[in-house]
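K.L.:
No gaps in the numbering here: position 153 of the sequence shown is 143 in the working numbering, and each next residue is one more.
The hints are all genuine.
Straight line, CA to CA, 27 Å or less: simulated DSS-like cross-link-like pairs of lysine-lysine: (1) K193 with K172; (2) K79 with K32; (3) K(-6) with K81; (4) K187 with K172.
Please keep in mind that the hints were generated in silico from the structure rather than gathered at the bench.
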Amino acid sequence: MAGKKPIIIVGEGEFAEIAYEYFTVDSPYEVVAFTAERAYLKQERLFDLPIVPFEEVENHYDPATYGAFVAVTYTQLNRVRARLFHAVKHKGYTPVSYISSHAFVWRNAKIGANCFIFENNVIQYHVEIGDNVVLWSGNHIGHRSVIRDHCFVSSHVVVSGYCDVGENCFLGVNSSIGDNVKIARDCVIGAGAVVVKDTEEGKVYKGNREPAARVGSLVLFKVKESA
-9 MAGKKPIIIV GEGEFAEIAY EYFTVDSPYE VVAFTAERAY LKQERLFDLP
41 IVPFEEVENH YDPATYGAFV AVTYTQLNRV RARLFHAVKH KGYTPVSYIS
91 SHAFVWRNAK IGANCFIFEN NVIQYHVEIG DNVVLWSGNH IGHRSVIRDH
141 CFVSSHVVVS GYCDVGENCF LGVNSSIGDN VKIARDCVIG AGAVVVKDTE
191 EGKVYKGNRE PAARVGSLVL FKVKESA
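All chains, please: the whole structure from these sequences, using the hints.
P.N.:
Now the structure itself:
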């Protein structure tokens, strides 16, 4: 496609297929290949494009010419996506972001690298979205709020104004965060949970009849730092 910047997608699962569709139909990028770590390769081609081992991808696609997008969801509380994001940068690739043409992004909002912003998201005045963040469809991110690196926000989540969501968090479908609330890093906010008080690091919160209750702690996986 003339004038489109070529990119490779890191991943070969469902999110990689979705990313291919959205980048192809609704972006200034052209997907030319997929890549996955050799231990997880299941096929040689996807959408009639090559899938090459991640360990040698730079030998096939020069980082000076090709961009990259890491298409991994919230596996190990976003740790796998974070590791591959750093590995892509270490190889010299520039991670690209997708922002749906059907999302509303106010002019002074900031969105980092390797983000995927689906349709019908509302990103308001002076919102800051960090690197490697996924916003699935239909979320509201209120004015002056911050979503920090490596978070995954499911569908129809409401983050009110002046909130701060820490690194590596997962916000479940239909959860709501009240004004001025700080979500500590490594938290899981369950589907439909209502959070109106600051949370503690590494905890799981659920419930909507009263302010969401802390129900346990997370056991985080240790993952290697590079692909």
